[in-house]
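Asker: Top line first, the protein sequences correspond to chains A, B and C. Numbered per my numbering, the first sequence spans residues 55 to 219. Numbered per my numbering, the second sequence spans residues 10 to 381. Numbered per my numbering, the third sequence spans residues 126 to 292.
Heads up, a few of these hints could be off.
[Claimed, not checked] Quick list of simulated restraints, FRET-style, between CB atoms:
id: 1; chain 1: C; residue 1: Met134; chain 2: B; residue 2: Asp154; range: 52 to 60 angstroms
id: 2; chain 1: C; residue 1: Asp127; chain 2: B; residue 2: Asp180; range: 41 to 49 angstroms
id: 3; chain 1: C; residue 1: Lys169; chain 2: B; residue 2: Ser222; range: 31 to 39 angstroms
id: 4; chain 1: B; residue 1: Thr70; chain 2: A; residue 2: Arg103; range: 17 to 25 angstroms
id: 5; chain 1: B; residue 1: Glu310; chain 2: A; residue 2: Arg215; range: 51 to 59 angstroms
id: 6; chain 1: A; residue 1: Pro187; chain 2: B; residue 2: Ile209; range: 25 to 33 angstroms
Hints in this document: simulated from the structure, not taken from any laboratory. Note that CB positions come from ideal geometry on N, CA and C, so glycine has one too.
Each chain, letter by letter, is given below.
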Amino acid sequence: MGEENLPTSVVQFAQLDTLLNLCRANSLWPMTFGLACCAIEMMCTGGSRYDISRFGAEVFRPSPRQSDVMIVAGTVNKKLELAVRTLYDQMPEPKWVIAMGNCAISGGPFKVKVNYNVIEGVDKLFPVDVYIPGCPPRPEALLEGIMTLEEKITGKRRWPRVQAA
Amino acid sequence: MNVPVHLQPDETFVLNLGPQHPATHGVLRVKLTMDGEYIVRAEPVLGYIHRMHEKMAESGTFAQFMPNTARMDYLHALAFNHGWALVVEKAAGIEVPERAEYIRVITVELNRIASHLLWWAAFLLDLGGFTPLLYAFDDREQIVDLLERVTGSRLTYCYMRFGGVYNDIDDEFITGTRAFITRLRSRLPRIYHDLVTHNIILIKRIKDIGIISAEQCRRYGATGPVARGSGISYDIRKNEPYSVYPEFDFDIPVFPEGDSMARYMVRMHEIEQSLRIIEQALDKLPGGAVMGKAPKMLKPEAGYYYSAVETARGSLGHRLVCDGDKNPYKLKLRSPTFSNLSLYGEVAEGMLLADALAFMGSLDLVIPEIDR
Amino acid sequence: MDLTETTHMALAVLFPGDAVAPAPVLTDDAAEPIPFGVSVLDPKRTGTCLEVYCRPDQVVEAARILNDEGFFLESIAGVDWLESGQLEALYDYNRLGGASCRVLVRARVERHEPELPTITDVFPSADWHERETFDFYGIRFTGHPNLIRILLPEDADFHPLRKDYLP
């Protein structure tokens with residue numbers, strides 16, 4: 055990860071952008087967009103034990119126009135496809151997308167031969183920055199995903215990595 | 010109370026609620042025709058999370074459908090596990106050891122409490138209160154820890170097998186569950202009722218709102234807390250006893266008012282009844298195996314089978330058609346909230362928009378279970 | 126007289142004469158037509174107390190009888206019998222409260238012309254169930270007030286739960 059991963063804008067102010075990105079990374083505003091099972095784990099992450107506000111990302115906004123990261127927590131099907139695209143388009147730049155759970159990554163358990171209705175991964179609709187595998191991922195995994203996104207925005211990791219015992 | 014609507018046809022407008030709206034608990038969409046703040050017509054639009062469960066059931070074996078069951082009603086996944094296990098065991102004639110049935114009941118009831126706690130948190134969040142969520146999730150995490158210990162997952166359980174359960178419970182689970190029962194019993198009156206149930210803001214917000222009559226419940230096939238909040242004593246655990254429920258002494262809370270407050274009270278009392286069931290089940294827990302004899306490849310006799318269980322949201326039915334092959338020929342899931350939601354349009358007519366959202370919350374919707 | 130017997134008596138009106146109660150037959154063989162009638166089943170084995178197999182035009186009358194007896198509609202399911210070229214609709218009824226008595230009403234229609242009368246006039250809950258069966262199997266319920274897609278997108282042109290459907 056380095057400078058080349060900074061969100062691009064037409065005019066670059068090197069020092070100012072670094073500062074702005076630091077601010078953005080430390081106060082991500084996710085959009086409330088619970089689709090299915092993963093949404094419950096997203097709620098748990100916002101709840102009392104996992105407490106996402108420790109990482110500054112607790113301001114869940116119901117409106118896409120006020121948020122800068124979209125956590126796609128669940129399955130997207132053909133009927134919902136248009137709505138999800140519209141929501142993504144309505145978010146102001148700079149914006150990021152986290153694909154939470156196997157359904158959002160690839161269709162997960164619904165990627166089957168008889169699949170007639172499920173979109174096999176939201177990256178078919180718009181660019182995804184962080185993928186969090188799991189069915190559903192644990193809250194710790196979502197927190198790790200948020201830290202990974204911070205790392206992508208600022209270029210360095212703010213929190214130490216947990217070492218396997 | 011419904012306020013009469015004086016409708017001028019050219020004065021109405023259409024309001025689109027959802028599919029992305031925080032109060033629809035997922036991706037339900039309601040097309041509302043409004044006269045000012047009053048609803049003239051409410052029409053739920055479904056299918057935004059239709060995930061082909063019934064087609065997948067036909068294309069796999071019986072055992073391969075077990076993980077799908079947990080992904081329909083993820084809040085009460087174990088009841089869906091239980092329902093699927095029961096209908097296949099009925100069709101294939103598989104015996105389940107007594108200990109396994111006890112463990113099933115204990116875990117299903119723990120999961121029911123977790124579901125009601127989450128409903129409580131989300132319902133109050135809809136009404137504008139954030140603090141209750143922090144209390145409810147604190148208690149819910151205790152249940153999730155207990156269930157994770159025995160089932161291996163936090164939310165989408167795939168714990169039951171045809172002929173039993175896949176993992177036995179240990180002493181630590183039993184002591185942990187007993188400690189949790191004591192903890193929740195002391196917290197229910199102090200936190201849940203003192204902070205919220207007796208709160209005048211809540212009472213003003215949901216009392217006499219969204220009144221459903223017993224006859225409406227019958228015409229629309231509403232079950233679960235919705236029917237019990239309208240004075241109908243209907244609970245599959247009592248009316249068509251299955252598993253080992255007849256062994257336990259518990260009551261079915263029924264409130265006759267039919268408003269959102271009645272449904273709220275039914276669920277709060279059900280938490281206490283579930284605690285009673287778990288306590289008795291732990292006391293009487295028999296020894297023995299947790300897995301009976303079941304053939305690896307099931308081929309039930311051709312025929313039509315039905316089995317129902319009571320989930321946190323109402324009666325879940327499985328209509329299974331077998332043709333003697335290793336796949337189910339047809340599986341129809343009678344999901345409780347599909348029917349419970351179908352009366353929304355009739356009841357929401359003439360309501361204030363804000364009340365209609367409080368009413369929607371009191372129905373306890375889980376959208377993937379409606380759409381399947 | 127218990128609930129099963131009373132309901133049996135009430136439903137027997139559908140089949141005048143001494144209609145023999147058929148054994149629960151499941152067949153995908155058109156050469157062997159199933160006789161119409163009411164049969165008593167073992168609820169422990171099948172989960173159903175009574176099974177009615179009737180002509181397509183009798184489903185409304187059956188619904189009316191069960192409505193008068195205080196039943197409610199649990200669900201409507203479709204089944205595709207590909208080999209015999211028929212579609213079947215399964216109506217599940219039960220009592221809301223009190224003693225339980227589950228009744229299954231079955232009716233078959235030809236696959237190339239699947240039409241059944243609607244029972245929405247009797248049970249408003251049938252509205253969504255019939256729309257779902259239309260969505261999945263393409264059975265048209267004549268007289269339904271709003272027979273449009275319910276779970277699939279509005280512009281879908283297929284009926285996915287038919288056995289010969291391939292995505």
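Asker: Verify the CB-CB distance for Lys169 (chain C) and Ser222 (chain B) against the hinted window 31 to 39 angstroms.
Answerer: Distance hint for Lys169 (chain C), Ser222 (chain B) holds at roughly 34 angstroms.
Asker: 41 to 49 angstroms was suggested as the range; check whether the CB atoms of Asp127 (chain C) and Asp180 (chain B) agree with it.
Answerer: Roughly 46 angstroms apart at Cβ, these two residues keep to the hinted range, so it holds.
Asker: Hint says 51 to 59 angstroms; check whether the CB-CB distance for Glu310 (chain B) and Arg215 (chain A) agrees.
Answerer: holds (56 angstroms)
Asker: Given a hint of 25 to 33 angstroms, does the C-beta separation of Pro187 (chain A) and Ile209 (chain B) actually sit inside it?
Answerer: violated (47 angstroms)
Asker: Given the hint of 17 to 25 angstroms, check if Thr70 (chain B) and Arg103 (chain A) actually sit that far apart at their C-beta atoms.
Answerer: Violated - the Cβ-Cβ distance for Thr70 (chain B) and Arg103 (chain A), about 38 angstroms, lies outside 17 to 25 angstroms.
Asker: Honestly, do Met134 (chain C) and Asp154 (chain B) meet the 52 to 60 angstroms range at C-beta?
Answerer: Holds, since Met134 (chain C) and Asp154 (chain B) (Cβ atoms, about 55 angstroms apart) stay within the stated range.
The structure does not agree with the numbered hints 4 and 6 stated previously, though it agrees with the rest.
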